[in-house]
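Enquirer: So you can see what is in the structure, the chains are spelled out below.
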Amino acid sequence: MGIVEAILLSVITAATPLVLAAAGELVTERSGVLNLGVEGMMIMGAVCAFAATQLTGSPYLGVLAGVAAGASFSLLFGFLTLTLVANQVATGLALTLLGIGASGMIGESFLGMQGIKLQPIAIPLLSELPLVGPLLFRQDAIFYLSVAIVAGIHWFLFRSRAGLKLRAVGDSHGSAHALGVDVIGIRYLAVLFGGACAGLAGAQLSLVYTPQWVENMSAGRGWIALALVVFSSWRPWRIVVGGYLFGAVSISQLHAQAFGIGIPSQFLSSLPYVATIVVLILISHNRRMTLINTPASLGKPFVPDR
Amino acid sequence: MKKLLLALATTTAVLGFAAAASAQEKAKVCFVYVGSKTDGGWTQAHDIGRQQVEKELGDKVETQFLENVPEGPDAERAIERMARSGCGLIFTTSFGFMDATINVAQKFPDVKFEHATGYKTAPNVATYNARFYEGRYIQGQIAAKMSEKGVAGYIASFPIPEVVMGINSFVIGARSVNPDFKIKVIWANTWFDPGKEADAAKALIDQGVDILTQHTDTTAPMQVAAERGIKAFGQASDMIAAGPKTQLTAIVDTWGAYYVKRTNAFLDGTWQSTSSWDGLKEGILTMAPYTNMPDDVKKMAEETEAKIKSGELKPFTGPLNKQDGSPWLKEGETADDATLLGMNFYVEGVDDKLPQ
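These protein sequence lines are chains P and L, in that order. Numbering of the first sequence is given in my numbering, commencing with residue 29 and proceeding in unit increments. Numbering of the second sequence is given in my numbering, commencing with residue 26 and proceeding in unit increments.
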């Protein structure tokens with residue numbers, strides 16, 4: 029295995045949870061709901077996926093448990109912000125804190141256990157291709173899902189009627205409501221989808237990235253996913269670009285250090301963030317395009333007039 | 026119920042705050058942790074020490090702890106909260122709590138403080154540390170024997186003297202066996218991030234190291250080493266569970282005896298501000314069983330350990346050169362503790378530029 033291939037493999041592993049969580053959050057935000065609880069949903073997904081895998085012996089059931097945990101945790105957020113119209117920012121932050129604490133409690137009896145890794149599935153023929161084969165077609169199910177999810181979101185948002193409704197709700201919930209669209213119902217589904225994706229990202233952490241459970245193991249990846257959504261200016265494919273760019277710079281800086289190129293490590297460690305900011309500036313120079321993509325009702329509470 | 030309360034406290038204030046008992050007349054001994062008490066590494070080792078105090082002196086003292094306290098301004102608030110809540114003796118267990126501990130100690134002259142791994146003391150602030158570098162010297166020797174390629178990978182956290190000292194000691198040990206031995210260093214710039222630690226481990230292995238050692242807190246690097254089929258050293262706690270066929274040995278921190286001794290002194294009224302820096306001899310660190318290595322390597326490691334314990338061998342003994350080849354210690358000369366505690370340079374053989 030060549031060094032380039034090795035680096036790219038690490039990049040894919042590092043970027044997949046970011047892409048997944050950001051893709052889910054993108055749909056949530058496109059419906060006009062800002063859920064800052066990604067980190068909390070992710071860590072709940074991680075602990076539940078690990079616990080279910082240990083209890084059943086099947087990492088696939090673990091993945092399901094992670095998705096279910098993320099989704100049900102997001103339901104709590106949905107109930108508070110959509111039904112009870114609580115402040116979205118505060119509720120999202122609380123969800124993160126609750127997730128970190130609750131996952132620590134759930135995970136206590138699973139600490140130090142030998143993890144079970146979700147094994148790669150080689151796709152016949154395609155996996156035999158040089159370079160691309162081992163990189164893209166000898167991966168685990170969660171990676172394949174991440175690609176399918178991003179493609180699916182793109183199709184859904186811009187090619188389907190339901191997606192059009194969801195974007196309408198996010199841009200002007202008042203008008204959408206007046207046209208008879210079920211604003212709250214659509215937002216519930218969007219929040220649930222975001223939670224499920226964050227849970228899946230968590231499952232990737234505890235079953236693929238580092239197959240073990242340690243408290244607080246998401247270590248801020250939920251926040252990076254949130255930043256990626258802004259980075260992408262709410263366009264699904266740009267999440268892939270952003271996530272992989274971030275992953276690539278993070279991994280390359282480690283290799284640069286090991287290679288001993290003599291650049292201070294503090295500077296190298298900050299590179300992924302610097303790169304993100306630079307790209308953000310470059311793509312946001314066209315203010316009109318950015319505004320068109322930003323959901324206009326983002327974070328605003330909706331109370332239907334009865 | 027205690028667990029539930031703990032979880033609730035953690036969720037509302039990030040900081041978990043748990044009272045181990047509630048009797049009023051007992052003296053309170055408190056601990057401030059940088060990580061979670063179940064991290065499998067550094068903080069867990071301190072918490073095992075706390076439990077020993079509880080077990081041996083439970084009739085006279087009660088213990089309390091705060092976990093996941095970030096280094097920085099929050100630390101001062103957390104320590105002050107401990108002092109206000111009636112703690113008589115407070116152990117702050119991370120290097121980054123140093124200034125916060127000193128500041129709070131000035132406000133509470135009657136409370137005794139003990140800060141781990143730092144170098145600032147006051148009439149009511151003692152410091153304590155362990156000579157982890159002694160264990161790293163042994164690891165370096167084992168690495169040099171076990172490595173086929175003659176290159177080890179070192180996952181470091183932050184460029185503070187404690188970590189630099191460990192890297193140097195590892196290299197000196199390795200070079201005492203194989204004078205051409207090299208190490209590659211990656212600074213993760215974190216104590217705790219399983220994903221990043223695993224990425225660093227993968228990067229080092231991809232660049233050809235065949236022995237891995239770490240100065241970060243989770244078992245993720247050990248797990249990567251196991252997966253890739255190379256050998257590795259555990260850190261702070263015995264990590265054999267994460268790599269039954271991978272771990273050569275681990276430096277295990279055993280703070281319990283020190284905590285019991287200092288708590289006793291506090292109860293007797295004989296507590297004084299001291300700077301304690303014990304090593305393998307006193308048992309504040311121990312080596313996990315030497316596993317996954319041939320008998321001759323194991324024998325060498327045990328002999329070195331015995332020599333360090335008896336004082337016959339000191340890792341930082343000349344002739345030693347600095348990284349650029351300029352002389353540092355003359356033949357037979359030993360580095361003093363002050364130099365070690367302020368160490369900000371590499372010795373010869375480190376293939377890395379020290380971040381300044």
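Keep in mind that the hints were calculated from the coordinates and are not lab data. This structure is a prediction, so every number in the text was calculated from the model and none was measured. Check before you lean on any hint, since a few could be wrong.
Below are the BS3-like pairs computed for lysine-lysine, each with C-alpha atoms no more than 30 Å apart in a straight line [to be verified]:
#, chain 1, residue 1, chain 2, residue 2
1, L, Lys174, P, Lys145
2, P, Lys145, L, Lys324
3, L, Lys174, L, Lys324
Enquirer: Compare the distance between the alpha carbons of Lys145(P) and Lys324(L) with 30 Å, and conclude whether the hinted pair is satisfied.
Expert: violated (36 Å)
Enquirer: Just to be careful, I want the Cα atoms of Lys174(L) and Lys324(L) compared with a cutoff of 30 Å; is the pair within it?
Expert: holds (22 Å)
Enquirer: Does the alpha-carbon distance linking Lys174(L) and Lys145(P) stay inside the 30 Å limit?
Expert: Holds - the C-alpha atoms of Lys145(P) and Lys174(L) are around 29 Å apart, at most 30 Å.
Comparing the model with each numbered hint stated earlier shows that hint 2 is the single one that does not hold.
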